[in-house]
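Protein chains in written order, with my numbering: chain A, 587 to 701; chain B, 19 to 133.
Be a bit skeptical, because a hint or two may be false.
Heads up, incomplete: computed chain A residues facing chain B, CB under 10 Å, no partners named [to be verified]:
#1 R630
#2 E642
#3 I646
#4 P647
#5 G649
#6 S673
#7 C677
By construction, these hints were calculated from the structure, which means they are not laboratory data.
Each residue gets a CB set at the ideal place from its N, CA and C atoms; glycine is no exception.
These are the residues of each chain, in order.
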Amino acid sequence: DVKVTQSSRYLVKRTGEKVFLECVQDMDHENMFWYRQDPGLGLRLIYFSYDVKMKEKGDIPEGYSVSREKKERFSLILESASTNQTSMYLCASSLRAVRSNQPQHFGDGTRLSIL
Amino acid sequence: QQQVKQSPQSLIVQKGGISIINCAYENTAFDYFPWYQQFPGKGPALLIAIRPDVSEKKEGRFTISFNKSAKQFSLHIMDSQPGDSATYFCAASMDYGGSQGNLIFGKGTKLSVKP
């Protein structure tokens with residue numbers, strides 16, 4: 587079974603701090619994704635990566651950056667945390683294939699509060 | 019054109035009843051339509067998926083109905099059970115040669131099945 591592990595379930599940080607959210611997958615997936623989930627807004631894609639050291643902006647990249655130094659690990663970085671970044675953050679991974687029907691496997695999320 | 023519109027936002031169904039969640043899309047290049055199920059405190063998990071070359075797919079009590087001409091698809095949960103209480107997301111993606119498998123998600127439907 588695919589396992590996507592997010593390093594923290596709950597995190598509380600202060601405004602202006604640099605915050606790192608870590609995600610590790612154990613199935614040798616090429617694609618990795620970071621989403622944020624907010625009530626009534628669904629899942630919104632922040633960044634994704636389809637290979638080591640590659641990254642692409644999603645729909646809401648402002649205020650975030652990412653790092654993928656190893657295939658199994660994808661980090662989300664809040665450069666200077668702000669209160670509007672309080673949210674649930676979800677990491678996902680999938681196989682890269684010619685056809686799009688590769689399921690994304692999600693971690694259980696990190697609930698981040700910025701005070 | 020990249021949106022997937024999902025309704026209703028919330029749904030209350032009696033045990034044994036039929037739950038119906040609807041989604042609509044605009045982009046005719048979408049060709050993979052998965053549904054994800056998310057329980058509280060967990061990440062979303064793939065429930066069932068369909069491609070537009072079929073009009074219906076059934077897995078146990080879960081059925082996807084697909085109407086290509088109307089650009090709509092729906093999830094039907096037959097004999098709904100309290101254990102089905104969760105948030106459901108529809109999604110869509112497209113093949114584009116070396117696809118990264120990006121999914122466009124609906125905003126979610128919170129289903130409550132009353133005993």
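Notebook entry, point to check: For which of the previously enumerated hints does the structure constitute a violation, in increasing order of number?
Noted result: As far as the earlier hints go, 3, 4, 5 and 6 are violated by this structure, in ascending order.
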